[in-house]
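Chains as they are written, first to last, in my numbering: chain L, 1 to 310; chain X, 311 to 572; chain B, 573 to 951.
FYI, nobody ran anything at the bench for these hints, they're computed from the structure. None of the values given here were measured: they were computed from a predicted structure. For each residue, glycine too, the CB sits at the ideal point set by N, CA and C. Keep in mind that the hints are not guaranteed to be accurate.
Unchecked claim - If you want a taste of the chain X side facing chain B, the calculated C-beta under 8 Å gives, among others:
id: 1; residue: Asp382
id: 2; residue: Pro497
id: 3; residue: Gly498
id: 4; residue: Leu499
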Amino acid sequence: MPGIWIYSEDSTVARQLLTAGQELKKTTDQSVNVIAITDEAAQSLAGAGADKVYLLKGISAWPESYAGVIDELLKKEQASVVLIGATLRGKDVAAKVAAKLQAGLVTDALTVQFVNDAIETTRLMYGGLAICTEVVSLPALVTIPPRTFAEASETAGQGEIITVEVTNEDSRVVISNVCPIVREGADIATANRIVCVGRGLSKQEDMKLVEELAAACGAEIACTRGISEDYHWLPNDRYIGISGQKVKPELYIGMGISGQVQHVVGIRDAKIIVAIDTNEKAPIFEAADYGIVGDLYEVVPLLTAALQKK
Amino acid sequence: MQKLLVCYKWVLDEQDIKIAGDLSLDTGRAKYKISDYDKNAIEEGALLAELHGISVEALTFGTDAVKQSLKDALSRGLDKVYWIGDAASEQADAFVTANVLAAAIKKLGQYDLILCGEGSADTYSQQTAPRLAALLDIPAVTFVQKITVADGKVIATRKLGDCIEEVTVTGPVVISVLPEINKPRIPGLKQVMAAAKKPSEEVKVSELGIAAEALTAKVRAVSRKGYVMDRKKVVFKEAAQADNVAKLVASLAQHVLEERGS
Amino acid sequence: MSYALTEEQQLIQQNAREFATEYVEPAAAEIDHTAAHPADIVKKMIEQDFLGIFLPGEFGGAEAGYLSYTLIIEELSRASGAVAAVLLNHASLAAYSINRWGSAEQKQAYLPSLCQGEKLGAFALNEPGAALGAGEHRVTAVKDGDSYVLSGRKCYVANGGAAGLYIVFAQTDPEAGAKGISAFLVDAKTDGLSVARLIDKMGLRGCQSAELVFDQVKVPAANLLGAEGAGLAIAAEALAAASIAEGAMVVGIAQAAMEDAVKYGKQRIQFRRPIATFPAIQSMLAEMAANIHMLRLAVYDAASLLENGQAFVAEAAMIKLFAARIGQSALIDVIQIEGGYGYSQEMVASRLYRDVKGAVIKNSSLDFPEKIIAGNLLA
């Protein structure tokens, strides 16, 4: 029975994909099924509007070890579209499943829809320089970045939970030393307001300027790649860019940032982008809603003072 | 641990690509390069080969243009490069690429460790390594920031969004590496001059016994346009910065700053 | 003759650009500011096999050819003329001379350490108050048994103080004038050889320029380079080889300056448009672009002649002549385009202006390109 299938090892993301699945369901009357690998996830997703939830119970808790059983299930059920969360684990599993199914897979799709019995997607390529529209023949797999869709409400309905015992151990692989990455401060990926600093800042001592502005508008501090990777003035999880964080704040204020495409691709979802830079012709001004051409050492303190007054 | 293989891609340098007025892409002045993260994979292969005294070879699939990549690749510490230059790569998606690479690897022999970059600089689909592993029926370890070889096993440290994990694999494995795994050395002159003397070998797609269906892309590009954001682009140009700041704050108040202290 | 670079040359050029961007550019302003010899960068250049680029493999050279060498000089010059000058004086003057005129023993004794960068090379040619071509050298070399004893002062020794090996030009036969000058290989640590002072220069700061004192410096007779009396001929040809590389330096410096002016011209708004749209600015940019292009081709050509063992001295002189003209005019125009911004010491253009002068300045009274070209023409 062809269907729209959803999987993410992260149940929050799976609930977001459920929204996407429901959208697809509108144009093609297929059931929306979710694959879960934990009890809690299964419960949550069943309540969020999935028609069926397949709870895979294997011995190995390593999410990647489910790739083989997921592909068997999808083959058996003749899935037509598979949406997988584009977390790092999700991308890993999606590609393995796609290979076994000898199917096409689009990574990090921004949009996904049914068009003429195939799936049409859009995604960025060339480091964020270009946007590409692609058509994938069925069965089609698509990985979708977290927070692309809103989460389906946890009380949207009650689907059936089908438990499947599976064998997912692989004696060749041993997992060990799993340590959470400790974040210093908040996760900028979910921050509502962000103040971002680039190479326009001359020295580390001047970060104080940035901190004061961030405090004045209740924002998290982020940076461009050079500030963390080259200068180490901020930890790596603070840099926004194509190989760093992608953010979706209400407000982004960038200072001393030229606005190269590799950085801008990480802020494109911001509601309002403000830029402060000395170079009138800096690309950041093409990417901003509001801009001030000037020396950040002059402008930022003025801005901080003005915000503190409000 | 005897033989290492690195898969690399010869791509257009995205820095050279221009967006025309009508948003079409102008690749006329674009030069080719070894995809950035593949350089990290090659460097990792070279470092492991040097450390353990073993051989490291490379495999690349592209159009005829890949012939220009051989000396570049061989100057980076590789012993030999196998190249597949075929028109099929023009429209190839990750599905086709993985099918071709897997078939070639099956023909070339047993490799203990296959290294790939995390994703290519042009399409960044991040699929090649896991697909390859699935087709070869061996484990894949992706997003790796450190590799150690000990007691015939490969220990790979992965850096995932919220955690770090160590994966130990016995037997052949495919690993995709993060750019932070190493800093590729710039090849010295002697390495560049010696590249011409190192072996390279063509592998023909027609000799790999791949079904036509497996060479036909499942994902087809319909359009590619320059990505341009639609922003207000208001720049405050008063003589005094204080005035510009005032105007900025006023504009923000309308949209964003209603709730202070949130 | 093909002007297309080989695959190796293209890779070498690419790698040199990456090296210059990664390691030289970030240090360039500081090197200019302190004028200190860039020992760290030299160490990194050794790792890239830059110290023996065109020298034979049997002595540890990379055998990459003189054209590859000029490509590297150009790339280094884009980032720092001083760094390029350090390499140029070591390679085109010292290493070239030993490779060209050294005996088998001398090559074996000195080239490996030059190629591996254990020692930097330098020429000690000019003297305070003595004209080189006139053969009135005051640094004398007096034969004493199986040694020569050198006495006198040399000035403007590039890499002076940092070098491990000097090729010193001294008067062995005062009666013979110009034909009585000989070249000697002198180890920097030799007793009696000292650095009197370092000269604070206008540009190419970082390529140390020193005054050397020879106080009864005893040099083994085996260290005579070439025959007695051949000194001036050796210097003339080595300077010609250096002229080609100096041309590459000018190409690199002028190219960097032009790109800076272009970037500036696109940004700077006057009368509501970027100044790059004004014909006056465009004329200046067009002129320098054409000149740099021509000079680059001339450098490639002369380097190829040298590499192929063909006569190159006249072409090298043409490069010296042309580079001085177009290099200086390009930088004058760049400073003008950038106006106050360009004139400021904080910006890169003013350093490039000072450096290009150093690259084209005639090194000695032997450096008379017009005479060399005319001499060749009228022979």
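Hints and how they fare:
1. Asp382: holds (6 Å)
2. Pro497: holds (6 Å)
3. Gly498: Where the cut-off is 8 Å and the nearest Cβ of chain B is about 4 Å from Gly498/X, the hint holds.
4. Leu499: holds (4 Å)
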